[in-house]
Each structure stands twice: as structure tokens, then as C-alpha cells.
Amino acid sequence: MYERILEADLVVADISTGNRNAIYELGVRHALRPHTTIIIGEDSNTKIPFDLNHIVIRKYRHLGEDIGASEARRMSNDLTTAIKELLAAQDPRADSPVYTYIPRLQRPGLIPAESVAATTSTRGPALPPPPQPSETHGAMMTLAREAQAREDFATAKSLLGSIVALMKNQSPGRPVDASILQQLALVTYKSKQPTALEALRDACAILATLEPDTTNDTETLGLWGAVHKRLWQLTGDRTSLDGAVRALERGFFIRNDYYNGINLGYMLNERALAQTDLAEATADFILARRVRREVCEIAEAWWKQASETGSEQPPDKIYWALVTLAEAALGLGDEDGSKRWFEEAKTLQPPPAKWMIESTETQLANLRDLLKVAAAKGIPLQAPPPPVGRATH
2 MYERILEADL
12 VVADISTGNR
22 NAIYELGVRH
32 ALRPHTTIII
42 GEDSNTKIPF
52 DLNHIVIRKY
62 RHLGEDIGAS
72 EARRMSNDLT
82 TAIKELLAAQ
92 DPRADSPVYT
102 YIPRLQRPGL
112 IPAESVAATT
122 STRGPALPPP
132 PQPSETHGAM
142 MTLAREAQAR
152 EDFATAKSLL
162 GSIVALMKNQ
172 SPGRPVDASI
182 LQQLALVTYK
192 SKQPTALEAL
202 RDACAILATL
212 EPDTTNDTET
222 LGLWGAVHKR
232 LWQLTGDRTS
242 LDGAVRALER
252 GFFIRNDYYN
262 GINLGYMLNE
272 RALAQTDLAE
282 ATADFILARR
292 VRREVCEIAE
302 AWWKQASETG
312 SEQPPDKIYW
322 ALVTLAEAAL
332 GLGDEDGSKR
342 WFEEAKTLQP
352 PPAKWMIEST
362 ETQLANLRDL
372 LKVAAAKGIP
382 LQAPPPPVGR
392 ATH
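Each residue of the sequence shown is one higher than the one before, starting from 2 at the first, in the working numbering.
Since the hints were derived computationally from the structure, they do not count as laboratory data.
We put the beta carbon where it would ideally sit given N, CA and C, even for glycine.
You may find that some hints are simply not true.
[To be verified] Computed list of lysine-lysine pairs in DSS-like fashion (alpha-carbon distance at most 27 Å, straight line):
| hint | residue 1 | residue 2 |
| --- | --- | --- |
| 1 | Lys355 | Lys340 |
| 2 | Lys193 | Lys355 |
| 3 | Lys347 | Lys378 |
| 4 | Lys347 | Lys373 |
| 5 | Lys191 | Lys85 |
| 6 | Lys60 | Lys85 |
| 7 | Lys193 | Lys169 |
| 8 | Lys340 | Lys318 |
| 9 | Lys305 | Lys340 |
| 10 | Lys373 | Lys305 |
| 11 | Lys355 | Lys378 |
| 12 | Lys60 | Lys318 |
| 13 | Lys355 | Lys191 |
| 14 | Lys378 | Lys340 |
[To be verified] Derived CB-CB ranges, DEER-like:
| hint | residue 1 | residue 2 | range |
| --- | --- | --- | --- |
| 15 | Thr210 | Thr156 | 16 to 24 Å |
| 16 | Pro351 | Ala166 | 20 to 28 Å |
| 17 | Pro352 | Ala280 | 43 to 51 Å |
| 18 | Tyr3 | Leu80 | 18 to 26 Å |
Kindly generate the complete structure, drawing on both the sequences and the hints.
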């Protein structure tokens with residue numbers, strides 16, 4: 002990794018999520034190379050725990066779930082121009098703050114390979130390079146994806162478990178790729194084997210190796226939240242409920258997306274009903290409403306951008322954006338708005354899958370039940386706000 006950071010002709014670093022590894026690698030790059038490093042980030046980003054005000058960061062606008070088509074084109078053009086200018090410059094200006102503020106610093110270089118060989122020969126044989134992933138690994142990944150696609154989660158779990166064991170045997174000192182562990186955790190809890198509860202606990206053990214309490218990886222946080230939500234529903238264990246809320250809060254804060262947001266709103270309502278203190282329950286309901294209002298802004302902005310630009314979006318993505326608005330409207334007391342958004346989602350072409358509609362109907366029914374129980378317990382829900390948005394036809 003360090004050699005690639007040193008020798009790369011150009012590096013584009015996105016620091017939007019505040020990922021610690023990315024920030025660390027950017028610092029290494031700035032120490033090794035005086036120029037040809039471009040930094041980009043979201044214009045609303047407030048997550049970086051370092052003072053980077055003295056560094057040029059090229060900004061882009063993120064709509065939560067993705068970047069709009071027109072913004073993507075603008076940013077692509079800006080990056081293309083910047084890259085061409087950098088590579089064409091005979092004596093480019095330093096973009097590394099290290100070389101900017103220490104102008105007499107000389108860039109490090111690699112010593113010749115012959116010198117390395119002579120040095121290592123006096124110290125004994127060099128360690129062999131780590132083995133590359135085998136063809137068996139690739140074939141098993143393909144089979145695992147196919148099994149997951151046909152919802153054969155038990156087979157996918159077995160295959161991914163074998164891949165993890167293979168990787169550990171090949172490189173005992175190296176951590177297993179996070180994306181593989183995330184997939185393994187997903188199919189583990191979906192397999193419900195040997196029981197649904199044991200599968201969830203096994204998935205927790207897998208995700209725990211990815212440090213969910215401190216990670217900025219939104220995929221890990223989303224899975225951690227989903228697993229703990231189901232643990233709460235199965236066991237009624239309050240620590241599982243709180244774990245789900247914490248993970249979804251952090252995921253929503255980092256990614257600013259409607260998926261984490263709408264799930265966070267629902268789990269806050271769940272937690273409100275579990276509170277023994279009316280003030281705490283009321284606070285959770287108020288926070289859930291605030292989150293849903295943010296979700297509405299994010300999802301409506303995405304839907305408006307997609308509609309106005311005519312950009313092609315996957316049908317299932319459009320469906321989930323619309324039913325997110327339906328759920329947010331319901332949670333904010335706008336039953337009519339909720340029905341409008343859901344009807345628009347159901348009339349999309351091609352038609353949504355039956356299971357998608359059934360899943361939404363179940364979720365909306367569950368939310369209605371939560372709100373009814375809250376009202377019966379005397380938790381103030383406030384008067385319904387103005388209708389949330391307007392369905393676009």
C-alpha cells in the first residue's frame with residue numbers, strides 16, 4: 002500500500018466520511034509527494050476531526066442516497082480539467098501542506114533494487130510475498146453470490162465461511178476483507194440457522210471483528226443496526242434496541258441518506274414505547290419527527306433531481322425512495338400524503354415485486370400500531386404538520 006501511495010502518478014482522495022484509514026493514507030501521501038494529490042469532499046461535510054482549512058478541497062453536492070446526474074457531470078468535468086492541468090505542468094505547484102510549509106524538504110526516493118538485495122542477503126532470506134487470491138477463491142465467491150441471489154442463504158453462508166477460512170490460512174497475519182465479512186454476516190442472519198436467534202448472535206460475532214462501535218463504515222453500521230433491531234424484536238432486550246439506535250444514528254450522520262434515516266425514525270419510536278419515563282419517551286418521539294423531516298428533504302431532493310434530469314435510475318431504487326416518503330409522511334401525521342406516495346410507488350413501471358409491496362404494507366402497519374400505542378400511553382404526538390411533499394406524476 003505504501004509503495005503504491007508513493008509511486009502513484011495521481012491520487013484523488015475523497016474525505017467526505019471522515020474514514021480514519023483514508024485520512025491516514027492522505028497524510029502519508031502528503032509526506033511522500035509534493036504534488037499531484039487532489040482532495041474532494043461533500044460541501045456539507047462537518048465530520049473531519051482535523052483542521053484542513055489550509056488545503057484546497059474540491060466540493061460536490063451529495064443528495065443523501067447518491068449524487069445527482071448533473072452534479073456528477075459537473076464534478077467529472079472539473080476533475081478532468083484539474084487532472085489534465087496537473088499532468089501537463091512542467092513544475093506543478095505543491096499541493097501537499099508538508100512541502101508547502103517546508104519548501105526546502107526533498108522528496109524521498111527508493112534505493113536501487115540491487116542495494117536492497119545486497120542488504121537483505123546479509124540478514125537472511127526475505128519473507129515471501131503474501132499469496133494472491135486463488136482461482137478457487139474467485140469461483141467460490143461467484144457461487145456465493147448466485148446462492149444469495151436465489152435466497153439460498155444457508156449455502157451462501159457455507160461458501161463465504163469457507164472463503165474466510167481460506168483467506169485466514171493463506172495470510173494468517175492479515176485481516177479478512179471487510180466486504181466479505183459483511184456479506185457473511187448478512188447471509189448468516191438471513192439463513193436463520195440453526196435458529197433465528199442463534200443466527201443473529203453469530204452475525205453479531207462476525208460484525209464485532211469490524212469494530213462497529215468506532216467504525217465509520219456505513220455498511221457495517223447498517224448491518225449492525227439491522228441485526229440488533231431483529232434481536233430486539235425477538236428478545237425484547239433493551240441493550241439490543243439501544244445498539245440498533247446508536248448504529249443507525251451514526252450511519253445517518255455519516256452518510257446523510259434516507260435509508261438509515263427512515264430506519265432510525267422507526268427505531269426511535271420503538272424505543273419511546275420502551276421508555277419508563279414519559280419525558281424520555283416524548284424526547285424520542287420528537288427526535289423521530291426531526292429525523293423524518295430531514296429524510297423528507299433528502300428523498301424529495303433525490304426524487305426531484307431524478308425526475309427533472311430524466312436520469313435513468315433502477316426501478317427498485319425509485320420504489321424505495323417513494324415508500325420512504327410514504328413512511329416519513331405517516332410518521333409525521335400526514336396519512337393522506339403517505340397514501341399518495343405509496344400509490345405512486347405501486348404504479349411504477351415495471352411494477353414492483355410483490356414482496357416489496359408486502360414488506361412496505363407490513364412496515365406501514367407496524368408504524369401505525371406504534372403511533373396508536375403511543376397515543377394510548379399519553380405520549381404527546383403534537384398536531385399533524387402540513388402535508389409532506391406532493392406525489393409527482
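Here's how the hints hold up against the structure:
no.: 1; hint: Lys355 to Lys340; verdict: holds (18 Å)
no.: 2; hint: Lys193 to Lys355; verdict: holds (22 Å)
no.: 3; hint: Lys347 to Lys378; verdict: violated (34 Å)
no.: 4; hint: Lys347 to Lys373; verdict: holds (26 Å)
no.: 5; hint: Lys191 to Lys85; verdict: violated (48 Å)
no.: 6; hint: Lys60 to Lys85; verdict: holds (18 Å)
no.: 7; hint: Lys193 to Lys169; verdict: holds (25 Å)
no.: 8; hint: Lys340 to Lys318; verdict: holds (19 Å)
no.: 9; hint: Lys305 to Lys340; verdict: holds (19 Å)
no.: 10; hint: Lys373 to Lys305; verdict: violated (32 Å)
no.: 11; hint: Lys355 to Lys378; verdict: violated (35 Å)
no.: 12; hint: Lys60 to Lys318; verdict: holds (25 Å)
no.: 13; hint: Lys355 to Lys191; verdict: holds (19 Å)
no.: 14; hint: Lys378 to Lys340; verdict: holds (26 Å)
no.: 15; hint: Thr210 to Thr156: 16 to 24 Å; verdict: holds (23 Å)
no.: 16; hint: Pro351 to Ala166: 20 to 28 Å; verdict: violated (41 Å)
no.: 17; hint: Pro352 to Ala280: 43 to 51 Å; verdict: holds (46 Å)
no.: 18; hint: Tyr3 to Leu80: 18 to 26 Å; verdict: holds (25 Å)
Violated hints for the displayed structure, listed by number in ascending order: 3, 5, 10, 11 and 16.
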